[in-house]
Amino acid sequence: MAHPVTSTLTPAPHRTRSGLALGRLARRPEAGSFLGLVAVLLFFGLFGGSAFTSAAGTASWLNIASEIGIIALPIGLLMIAGELDISVGAVIPAASLTAAIVSGHYGLPNWLGITAALGLGLAVGFLNGLFVTRTTIPSLTITIGTMFLTMGLTLGLTVKIAGSTGVSLVPDPLTKLIFGDYLGGMFQVTILWWVVFVIGLFWLLHISPIGNWIYALGGDKESARNVGIPTKRLTIGLFMLSGFSAAFVGVSEVMVYQSAQVLAGQSFIFNSIMCVVIGGVLLTGGFGSIVGIVFGTITFSIVNQGIYFTSMDPNIGSVIIGALLLIAVLTNDTFRQLALSYSSKKGPQS
Amino acid sequence: MNDKPAILELKSVNKSFGPIDVLHDISLRVRAGEVLCLLGDNGAGKSTLIKTLAGVHKPTSGQILMDGQPVTFTGPSDAQGRGIATVHQFGGTFPLMSIGRSFFVGVEPTKGWGPFKIYDRKRANEIAVKAVRDFGITRIDDGDRLVGGLSGGERQSLAIARAVYFGARVLILDEPTAALGVKQASHVLRIVNESKKRGLAVVFITHQVMHAMTVGDHFAVLIRGAIADDFRKGQRSREEITDLMAGGETMAGLEAQVEGYMAEHEGHPPSFQVLEGSAAP
Chain A
1 MAHPVTSTLT
11 PAPHRTRSGL
21 ALGRLARRPE
31 AGSFLGLVAV
41 LLFFGLFGGS
51 AFTSAAGTAS
61 WLNIASEIGI
71 IALPIGLLMI
81 AGELDISVGA
91 VIPAASLTAA
101 IVSGHYGLPN
111 WLGITAALGL
121 GLAVGFLNGL
131 FVTRTTIPSL
141 TITIGTMFLT
151 MGLTLGLTVK
161 IAGSTGVSLV
171 PDPLTKLIFG
181 DYLGGMFQVT
191 ILWWVVFVIG
201 LFWLLHISPI
211 GNWIYALGGD
221 KESARNVGIP
231 TKRLTIGLFM
241 LSGFSAAFVG
251 VSEVMVYQSA
261 QVLAGQSFIF
271 NSIMCVVIGG
281 VLLTGGFGSI
291 VGIVFGTITF
301 SIVNQGIYFT
311 SMDPNIGSVI
321 IGALLLIAVL
331 TNDTFRQLAL
341 SYSSKKGPQS
Chain B
1 MNDKPAILEL
11 KSVNKSFGPI
21 DVLHDISLRV
31 RAGEVLCLLG
41 DNGAGKSTLI
51 KTLAGVHKPT
61 SGQILMDGQP
71 VTFTGPSDAQ
81 GRGIATVHQF
91 GGTFPLMSIG
101 RSFFVGVEPT
111 KGWGPFKIYD
121 RKRANEIAVK
131 AVRDFGITRI
141 DDGDRLVGGL
151 SGGERQSLAI
161 ARAVYFGARV
171 LILDEPTAAL
181 GVKQASHVLR
191 IVNESKKRGL
201 AVVFITHQVM
211 HAMTVGDHFA
221 VLIRGAIADD
231 FRKGQRSREE
241 ITDLMAGGET
251 MAGLEAQVEG
261 YMAEHEGHPP
271 SFQVLEGSAA
281 P
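If you read the sequences in order, they're chains A and B.
Note that the working numbering numbers the first sequence so that position 236 is 236, with each residue one more than the last.
Note that the working numbering numbers the second sequence so that position 98 is 98, with each residue one more than the last.
Everything labelled a hint here was simulated from the structure, so no lab data went into it.
Note that the structure is a prediction, hence the values are computed from the model and not measured.
Don't take every hint at face value.
[As the list claims (entries may be wrong)] As a list, the in silico BS3-like pairs of lysine-lysine whose alpha-carbon atoms are at most 25 Å apart:
1) B:K58 / A:K232
2) A:K232 / B:K183
3) B:K11 / B:K196
4) B:K111 / B:K122
5) B:K11 / B:K46
6) B:K51 / A:K232
7) B:K197 / B:K233
8) B:K196 / A:K221
9) B:K122 / B:K183
10) A:K221 / B:K51
11) B:K196 / B:K130
12) B:K130 / B:K111
13) A:K232 / A:K221
14) B:K130 / B:K183
15) A:K221 / B:K58
16) B:K197 / B:K183
17) B:K117 / B:K130
Using the sequences and the accompanying hints, generate a full structural model.
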């Protein structure tokens, strides 16, 4: 479609920049999660002592954050688009075991195992997307279904092929370097991969035009379709992205720990959703940001790990995370209202 | 009077869903620079008519003509492609998107090359803000504002400005003033007038007779799926139109009835049942 862009755009009267920066920031989706992150950092910096702020202390939560983070990002995109994906919890161990069986049990090259594992993630994502777009069943229900399907098949096939529920795999040096290495002896290489995912998905959501489609899809699916956005392809693509990311984490795990277990990965389901919600993404879709999801992930991981550096009962950690989630939802609501009610005070009432 | 050929015309259109007939023998025409007001009470078939015009429903029989040529819309996007834009009651449907983003949703302006095309936020905001301001809504000056933060009238204006920007020739406004206050409604009416001046054909659906009479050139009253009356500006009084829409039962008659009852019952107004009972045939 042609855009009749006139060359003489009369610029709208812009208010002065000064004094607006703060207000502008407060209206962003990540405003609430940023405050949460600062609070949590201060709290554990104070009570966790030097052990928490040391390199080893930082590595402990950063390693956790990187794995959850890689999954939380596409889950966040799905939530912005108005969908949920529970099946990631089953895709992680399924991908680990696929890689371990192909490359460990059968002794085939590592790249083949990795390709098979990532392909499996894409396939589960494709199925999720297909079911969601072809039926009117909510994605929550569909992905619970595919989660159990994947879980059952993983368990059944693993026992049948390998004879046990765990399969070990010793990666070749190059694969180990790419997926399972520790930088400085403590920082998982997964952290770098997380950075890659953050940059890539930041591009997708905030810079490329497709990001606009994702927001529109979550805002109003019907209108999005009416303006010509390929809603079905976009939905399937987002589910494939989350399947792929879950499989990627599964592959990383098997390369780091050199073995794959059938029951790994369940904790990722709720943890990733929590990171996303703490990060300011609206559960019903249409609102959120990549930076917010990253803040949410870091906040969650710091509480999860930081608790061991304090003299507190580790069970308190869950209490804090629960409280944090509720506070996050409340403050995010407030900030969203702020963003909605904001209007320029200057200018004549037309 | 306007002698231009009709941009959009319906010729004896019927629409039925299974055994239920919703539209009977509807013939309408709307010309460039003209506002056709479709008046009708709830359930008169207005929404089915809009959806037929917008390509959502296909007529069971009868013809749709554009510029005198018979057309068949394959779907809403086909109708949009031919320049028929529908603006619904609540205007912008993406409340949590910015003005610039929602203005260009689906047709985002980009800069850059190949796979590195990026969404041109600055240009989108500038164009969107300018388009709305050209329609006289000067309070909108920041394309980063969320649509949900606009007033109902501003949202409608944004949606209309968007349709016009993307080359709409026929603007279908579905109850644009229904949920608005007096002042907001007058904004929208002004924008309807502005669209008319720019040579658009406007189909204005409403049940508010005053709003219709303010901007309308041509009126059609819809009752139970059929056109009960079809007239031009100045040919009917407001009372006549209201009476028609209420289904022939005159407002004046109703008033007389109420007054009579009050005179008999020491000034008490009648209960609803009394009126209904006496009005039944």
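Verification of the hints:
1. With a C-alpha separation of about 24 Å, the suggested pair K58 of chain B and K232 of chain A falls inside the 25 Å cut-off, and the hint holds.
2. With a C-alpha separation of about 41 Å, the suggested pairing of K232 of chain A with K183 of chain B is violated against the 25 Å cut-off.
3. Straight-line distance between C-alpha atoms of K11 of chain B and K196 of chain B comes to about 23 Å, which keeps the hinted pair within the 25 Å bound.
4. For the suggested pair K111 of chain B and K122 of chain B, the alpha carbons sit about 11 Å apart, so the restraint of at most 25 Å is met.
5. Taking the CA atoms of K11 of chain B and K46 of chain B, the gap is near 17 Å; set against the 25 Å cutoff, the hint holds.
6. Between K51 of chain B and K232 of chain A the alpha-carbon distance is near 23 Å, which keeps this suggested pair within the 25 Å criterion.
7. Distance check on the hinted pair: K197 of chain B and K233 of chain B sit about 17 Å apart at the alpha-carbon level, within 25 Å; holds.
8. Restraint check for K196 of chain B and K221 of chain A: not satisfied, since their Cα atoms lie roughly 31 Å apart, outside the 25 Å limit.
9. A distance of roughly 31 Å separates the Cα atoms of K122 of chain B and K183 of chain B; the hinted pair therefore is violated under the 25 Å criterion.
10. Straight-line distance between C-alpha atoms of K221 of chain A and K51 of chain B comes to about 18 Å, which keeps the hinted pair within the 25 Å bound.
11. Using a Cα cut-off of 25 Å, the hinted pair K196 of chain B and K130 of chain B holds, with the two alpha carbons roughly 19 Å apart.
12. Annotation: proposed proximity of K130 of chain B to K111 of chain B holds, straight-line Cα distance about 20 Å (limit 25 Å).
13. As the CA atoms of K232 of chain A and K221 of chain A are separated by approximately 10 Å, the hinted pair is consistent with the 25 Å bound.
14. Distance restraint check for K130 of chain B and K183 of chain B: the Cα-Cα separation of roughly 22 Å lies within the 25 Å cut-off, and the hinted pair is therefore satisfied.
15. For a cut-off of 25 Å, the pair hint linking K221 of chain A to K58 of chain B stands: about 23 Å separates their Cα positions.
16. As the CA atoms of K197 of chain B and K183 of chain B are separated by approximately 21 Å, the hinted pair is consistent with the 25 Å bound.
17. Pair hint K117 of chain B plus K130 of chain B holds up; C-alpha atoms about 24 Å apart against a cutoff of 25 Å.
Checked against the numbered hints above, the structure violates hints 2, 8, 9; every other hint is satisfied.
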